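Generate the whole structure from the sequences, applying the supplied hints.
Protein chains in written order, with this note's numbering: chain D, 1 to 83; chain Y, 101 to 183.
If you are wondering where the hints come from, they were derived from the structure by calculation, not from laboratory data. In this text the structure is predicted, and so the values were computed from the model without any measurement. Do not take every clue at face value.
To be verified - Which residues of chain D face chain Y? A partial, calculated answer using Cβ under 7 Å:
(1) Tyr35
(2) Ser40
(3) Val41
(4) Gly44
(5) Arg45
(6) Ile51
What the hints assert, rightly or not - DEER-style ranges, computed between Cβ atoms:
(7) D:Lys28 with Y:Lys107: 11 to 21 Å
(8) Y:Gly134 with D:Ser40: 36 to 46 Å
(9) D:Thr31 with Y:Asn136: 41 to 51 Å
(10) D:Thr5 with Y:Lys182: 44 to 54 Å
(11) D:Val74 with Y:Val109: 22 to 32 Å
Ideal Cβ positions, reconstructed from N, Cα and C, are used throughout, including at glycine.
There are 2 protein chains.
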Amino acid sequence: MSNNTKKAVVYVRLKDGVLDPQGVTIHKALTQMGYNDFLSVRSGRFFELGIAADAGDIDRQIDEVCSKLLTNPVIETFTVEKD
Amino acid sequence: MSNNTKKAVVYVRLKDGVLDPQGVTIHKALTQMGYNDFLSVRSGRFFELGIAADAGDIDRQIDEVCSKLLTNPVIETFTVEKD
Chain D
1 MSNNTKKAVV YVRLKDGVLD PQGVTIHKAL TQMGYNDFLS VRSGRFFELG
51 IAADAGDIDR QIDEVCSKLL TNPVIETFTV EKD
Chain Y
101 MSNNTKKAVV YVRLKDGVLD PQGVTIHKAL TQMGYNDFLS VRSGRFFELG
151 IAADAGDIDR QIDEVCSKLL TNPVIETFTV EKD
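The structure is reproduced here in structure tokens:
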């Protein structure tokens, strides 16, 4: 990343109580493979965003794109980590 | 999480130089929506693992399941964060 770029990472998780078929499937596979110490698996996604260093009101912009594009607010939540 | 469970999170990223079609698509969409301050988007996945507190050699176990099941070692790398 150049000096003209800031970075933010958006972590997207399913809300508590929402079924996570991918996590369930992976957990089953682990158990079948003999890895019985893994008691649960929950999956999520993240997006690393390169942002112009002179961008204005970046917190608001990130919030907007999370709600509009990166997540499904009905079933997902997100957290943002900035450098 | 109960006291009998430890947590680890595995973050899976595409290796540098590997094309990320999802990230490219999201970046294009952001630009078309007028969000020109976002210069790049790179996508990844993560898995929250609940692990038995009395599990032995857990670092080795996590490494194994990452290589065998959670990632494609040819094009992806992973990092592990433990509580």
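Cross-check of the supplied hints:
1. Tyr35: Since chain Y brings a Cβ to about 6 Å from Tyr35 of chain D, closer than 7 Å, the hint holds.
2. Ser40: Nearest chain Y Cβ about 4 Å off; hint holds.
3. Val41: At about 6 Å, which falls below the 7 Å cut-off, the nearest Cβ of chain Y leaves the hint on Val41 of chain D intact, so it holds.
4. Gly44: holds (5 Å)
5. Arg45: Because about 6 Å separates Arg45 of chain D from the closest Cβ in chain Y, which is inside the 7 Å limit, the hint holds.
6. Ile51: holds (6 Å)
7. D:Lys28 with Y:Lys107: 11 to 21 Å: Once the Cβ atoms are compared, 19 Å apart, the range 11 to 21 Å for Lys107 of chain Y and Lys28 of chain D holds.
8. Y:Gly134 with D:Ser40: 36 to 46 Å: holds (40 Å)
9. D:Thr31 with Y:Asn136: 41 to 51 Å: holds (47 Å)
10. D:Thr5 with Y:Lys182: 44 to 54 Å: Once the Cβ atoms are compared, 30 Å apart, the range 44 to 54 Å for Lys182 of chain Y and Thr5 of chain D is violated.
11. D:Val74 with Y:Val109: 22 to 32 Å: holds (24 Å)
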